[in-house]
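Colleague: Listed below, chain by chain, are the residues.
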Amino acid sequence: QQKVQQSPESLSVPEGGMASLNCTSSDRNFQYFWWYRQHSGEGPKALMSIFSDGDKKEGRFTAHLNKASLHVSLHIRDSQPSDSALYFCAASPTNTGKLTFGDGTVLTVKP
Amino acid sequence: GPKVLQIPSHQIIDMGQMVTLNCDPVSNHLYFYWYKQILGQQMEFLVNFYNGKVMEKSKLFKDQFSVERPDGSYFTLKIQPTALEDSAVYFCASSLGTTSAETLYFGSGTRLTVL
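If you read the sequences in order, they're chains A and B. Per my numbering, residue 1 is the first one in the first sequence, and the count goes up by one each step. Per my numbering, residue 1001 is the first one in the second sequence, and the count goes up by one each step.
Just so you know, the hints here were simulated from the structure itself, not pulled from any lab data. Quick reminder that beta carbons are idealized off the backbone N, C-alpha and C, glycines included. A few of these clues could be false.
[What the hints assert, rightly or not] Here are some chain A residues pointing at chain B (derived, C-beta under 8 Å):
no. : residue
1   : G41
2   : E42
3   : G43
4   : P44
5   : K45
6   : A46
7   : L47
8   : F61
9   : K98
10  : T100
11  : G102
12  : D103
[As the list claims (entries may be wrong)] No farther apart than 30 Å at their CA atoms in a straight line, the calculated lysine-lysine pairs in the DSS-like style are these:
no. : chain 1 : residue 1 : chain 2 : residue 2
13  : A       : K98       : B       : K1078
14  : B       : K1059     : A       : K3
15  : A       : K67       : B       : K1059
16  : A       : K56       : A       : K110
17  : B       : K1057     : B       : K1078
18  : A       : K56       : A       : K67
19  : A       : K45       : B       : K1059
20  : A       : K110      : A       : K98
21  : B       : K1057     : B       : K1003
22  : A       : K3        : A       : K67
23  : A       : K45       : A       : K57
24  : A       : K3        : A       : K98
25  : B       : K1059     : B       : K1078
26  : A       : K56       : A       : K98
27  : A       : K56       : B       : K1053
28  : A       : K110      : B       : K1059
29  : A       : K3        : B       : K1057
30  : A       : K45       : B       : K1057
31  : B       : K1062     : A       : K45
32  : B       : K1078     : A       : K3
33  : A       : K67       : B       : K1057
34  : B       : K1059     : A       : K98
35  : B       : K1003     : B       : K1059
36  : A       : K98       : B       : K1053
37  : B       : K1078     : A       : K57
38  : A       : K98       : B       : K1003
39  : A       : K45       : B       : K1078
40  : B       : K1062     : A       : K98
Whenever a hint applies, use it, and build me the whole structure from the sequences.
Modeller: Next comes the structure, spelled out in structure tokens:
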């Protein structure tokens, strides 16, 4: 079983709308979560990290972590066409930079 | 922001040949990584490297794989000999530290095609 699972596989939202992406881990060793974004032809770029229960907000992006259920989400408000990309959830155990990635969610923001 | 450069962007070779993938990490970073992404599949950790040594490797890091960073130059991934299943995009990454709080910076990848 894959240790980091993302949903949905793809998502389409109108410009200015809210996009919500989900991620669940099946490994309780994973305590640190990251969201990465990858535009076509580029490498993944870190969007934000979340290590504590609750919400973390950075600009239009809000991550939410529930450690009890090992569920993390990413919400993008006021979505822009430039937000169209592949979004990865990644997780790691304590004290290591080794990341386990999910399969990704393709986000399309339509003008 | 910090940039990781990967050379070449594409490489096509015949099965059984040797290939070297090059990575120029962020200048003050100390930890280096290779990840492998097969088309349509998730990105998977291969190896991480610090102070001239492999720190951790996954089961995907076969005996035919090796990494090095001679004299602070490129961080390289060498595959010798290559196999058809090595066809993938290989991403290099670097970080300042190795705790989970450190951001990994990724290059744009090298697409390797083994014929």
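Colleague: Decide, hint by hint, whether the structure agrees.
Modeller: Okay, the hints, checked on the actual structure:
no. : hint                : in the structure
1   : G41                 : 7 Å, holds
2   : E42                 : 5 Å, holds
3   : G43                 : 3 Å, holds
4   : P44                 : 5 Å, holds
5   : K45                 : 7 Å, holds
6   : A46                 : 5 Å, holds
7   : L47                 : 10 Å, violated
8   : F61                 : 15 Å, violated
9   : K98                 : 5 Å, holds
10  : T100                : 7 Å, holds
11  : G102                : 6 Å, holds
12  : D103                : 5 Å, holds
13  : K98/A <-> K1078/B   : 20 Å, holds
14  : K1059/B <-> K3/A    : 16 Å, holds
15  : K67/A <-> K1059/B   : 28 Å, holds
16  : K56/A <-> K110/A    : 26 Å, holds
17  : K1057/B <-> K1078/B : 14 Å, holds
18  : K56/A <-> K67/A     : 14 Å, holds
19  : K45/A <-> K1059/B   : 25 Å, holds
20  : K110/A <-> K98/A    : 34 Å, violated
21  : K1057/B <-> K1003/B : 24 Å, holds
22  : K3/A <-> K67/A      : 15 Å, holds
23  : K45/A <-> K57/A     : 17 Å, holds
24  : K3/A <-> K98/A      : 14 Å, holds
25  : K1059/B <-> K1078/B : 16 Å, holds
26  : K56/A <-> K98/A     : 22 Å, holds
27  : K56/A <-> K1053/B   : 36 Å, violated
28  : K110/A <-> K1059/B  : 41 Å, violated
29  : K3/A <-> K1057/B    : 17 Å, holds
30  : K45/A <-> K1057/B   : 22 Å, holds
31  : K1062/B <-> K45/A   : 27 Å, holds
32  : K1078/B <-> K3/A    : 28 Å, holds
33  : K67/A <-> K1057/B   : 27 Å, holds
34  : K1059/B <-> K98/A   : 14 Å, holds
35  : K1003/B <-> K1059/B : 28 Å, holds
36  : K98/A <-> K1053/B   : 15 Å, holds
37  : K1078/B <-> K57/A   : 41 Å, violated
38  : K98/A <-> K1003/B   : 19 Å, holds
39  : K45/A <-> K1078/B   : 25 Å, holds
40  : K1062/B <-> K98/A   : 18 Å, holds
Violation of the numbered hints given earlier is confined to hints 7, 8, 20, 27, 28 and 37; the remaining hints are satisfied by the structure.
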